[in-house]
Amino acid sequence: MVYKRYIKRGNKVYGPYIYYSKKEGGKVISTYLGKHSEKKPRKNFKPFLKFFAIGVVGVFFLLTVFLLFFNMNLTGKITLSLEDTYVFDEQILGSVKINLEQGELIPASTKVIIEFDDVSYEYLLSDLVSEDTIEGDFYVEGKDIFGTGEGYDGGLVYPIVYFSLDVYSEEEPEEIVKELEEEVGEIEKIDKIINETEIVEEEVTPPIPPQDTVINQTI
Numbered sequence: 000m001v002y003k004r005y006i007k008r009g010n011k012v013y014g015p016y017i018y019y020s021k022k023e024g025g026k027v028i029s030t031y032l033g034k035h036s037e038k039k040p041r042k043n044f045k046p047f048l049k050f051f052a053i054g055v056v057g058v059f060f061l062l063t064v065f066l067l068f069f070n071m072n073l074t075g076k077i078t079l080s081l082e083d084t085y086v087f088d089e090q091i092l093g094s095v096k097i098n099l100e101q102g103e104l105i106p107a108s109t110k111v112i113i114e115f116d117d118v119s120y121e122y123l124l125s126d127l128v129s130e131d132t133i134e135g136d137f138y139v140e141g142k143d144i145f146g147t148g149e150g151y152d153g154g155l156v157y158p159i160v161y162f163s164l165d166v167y168s169e170e171e172p173e174e175i176v177k178e179l180e181e182e183v184g185e186i187e188k189i190d191k192i193i194n195e196t197e198i199v200e201e202e203v204t205p206p207i208p209p210q211d212t213v214i215n216q217t218i
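Numbering that gives the first Met the number 0 applies: residue 0 is where the sequence shown begins, and numbers increase by one.
In case anyone wonders, no lab produced these hints; they're calculated from the structure.
Just so it is clear, the structure is predicted and the values come from calculations on it, not from any experiment.
Be a bit skeptical, because a hint or two may be false.
To be verified - 16 Å max Cα-Cα, derived EDC-like pairs, lysine to aspartate or glutamate: (1) Lys110 / Glu121; (2) Lys142 / Glu100; (3) Lys110 / Asp126; (4) Lys110 / Glu149.
Said to hold, decoys possible - Pairwise CB distance ranges, derived in the manner of DEER restraints: (5) Ile17 / Leu62: 45 to 55 Å; (6) Lys110 / Asp136: 27 to 37 Å; (7) Gly54 / Tyr120: 16 to 26 Å; (8) Ile6 / Ser119: 15 to 25 Å; (9) Ala52 / Ile6: 38 to 48 Å.
Built from N, CA and C at the ideal position, the CB exists for glycine as well.
Model the full structure from these sequences, guided by the hints.
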């Protein structure tokens, strides 16, 4: 028969100790087998680790987006791309894209700071971007950035051309034509009056002076 035995010393209890007893020759002989260790069933931590990894990636993503878009004062200029799935204890990889407009220039020495789990990581923008830098005046639309040096630009800058347009309604050409027709009518009327005057002058003949009549009278 196998049984457990506990030993109490003061306020502490030790055990259980396993004994095996059997009866031989009218005597009961007990044999110590060792200390019993109650094995608890192991829990499956794989689902927990999976959700934990997803949670860590999600928190990291949100913190990175918050830091890049708000703390760097370049809202809308930087986009962070990360993989959708990761294996636990795998290195997190991603890419940072800078969206610049034409004429904008960001310093190459811009600091990219990432904080996660009370740990801060600091990088220079030039360490993360492989594009060539150019020399110029720093400028980002809507941000208080100034200075001169090496940076990353948004492409070619085209000159600004100023011009003005005169807009006419569709009724104005008809009015112009009407005015021209009135002017032509007046000219034709004047010509007609002049022609009639010339004709009248041609028809008018000078008056014939009266002739003296000689009257013969006999005295």
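Exercise. Quick check: which numbered hints come out false for this structure?
Worked result: 6, 8
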